Amino acid sequence: MTTSDRADVNEYGGALRGDGLRLAVVCSRFNELVTDRLLAGALDGLIRHGVDPASVTVAWVPGAFEVPLAAAQLAASGEVDAVICVGAVIRGATGHYEHVAGQCAAGVQRAQLDTGVPVVFGVLTTETTEQALERAGGKGGNKGFEAATAAIEMVDLLRQLPKRSQG
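Per the numbering used here, the sequence shown runs over residues 21 to 187.
There could be a bad hint or two in this list.
Cβ pair distances, simulated, as ranges [stated by the list, open to error]:
hint	residue 1	residue 2	range
1	G115	K183	38 to 48 Å
2	N30	V78	32 to 42 Å
3	A79	H116	17 to 27 Å
4	E52	H119	28 to 38 Å
5	R37	K183	29 to 39 Å
6	N30	A60	35 to 45 Å
7	D25	A79	40 to 50 Å
8	L133	R49	37 to 47 Å
9	V78	E31	32 to 42 Å
10	A27	Q123	40 to 50 Å
11	D56	K159	11 to 21 Å
12	E52	G122	38 to 48 Å
13	G160	P82	18 to 28 Å
14	A35	A60	33 to 43 Å
No lab work stands behind these hints: they were computed from the structure.
All figures in this text were calculated on a predicted structure; none of them were measured in a lab.
Glycine included, each C-beta is placed from N, C-alpha and C at the ideal position.
With the sequences and hints as input, model every part of the structure.
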């Protein structure tokens, strides 16, 4: 579909305008070498897009498995416009990785669907620490920064979209 084909289509898109937003970042302490960098990237992304640092809440949780609970509570609080989740699940020698990564992703998704508040998944799931570091400010960029910009964009988009009618 070309631009001219969409002339009569209602089209929505979120903008990266962070001024006036209240945001939270839930950060896993486990694999802190990586998660510190993801948090720094998320905060940088928020501030670069106009979010007042005083309007940002950071909640530290023990590990990725605990991320969804804190994210859901923050999203349901009415105190934030979006929640950004950052963490790092790195494969080890046991099957623990699949359980933690899968349940963390499912819980984050459930939190946003249950609350209607954007809850963005910026939790890395990698095979090695080196891969995680590449995605936390190395040659793969910073997924914390990307999650922050996704949160800002989703808040703006949801404000534009038609609301569900009561009834």
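Results of checking the hints against the structure:
1. G115 x K183: 38 to 48 Å: 43 Å, holds
2. N30 x V78: 32 to 42 Å: 37 Å Cβ-Cβ, so the 32 to 42 Å window holds.
3. A79 x H116: 17 to 27 Å: The hinted range 17 to 27 Å holds for A79 and H116, with Cβ atoms some 23 Å apart.
4. E52 x H119: 28 to 38 Å: 21 Å, violated
5. R37 x K183: 29 to 39 Å: 20 Å, violated
6. N30 x A60: 35 to 45 Å: This hint holds: roughly 38 Å between Cβ atoms.
7. D25 x A79: 40 to 50 Å: For A79 against D25, whose Cβ atoms are near 45 Å apart, the range 40 to 50 Å holds.
8. L133 x R49: 37 to 47 Å: 26 Å, violated
9. V78 x E31: 32 to 42 Å: This hint holds: roughly 35 Å between Cβ atoms.
10. A27 x Q123: 40 to 50 Å: 45 Å, holds
11. D56 x K159: 11 to 21 Å: Given about 18 Å between the Cβ atoms, the range holds.
12. E52 x G122: 38 to 48 Å: 22 Å, violated
13. G160 x P82: 18 to 28 Å: Holds - the Cβ-Cβ distance for G160 and P82, about 26 Å, lies within 18 to 28 Å.
14. A35 x A60: 33 to 43 Å: 24 Å, violated
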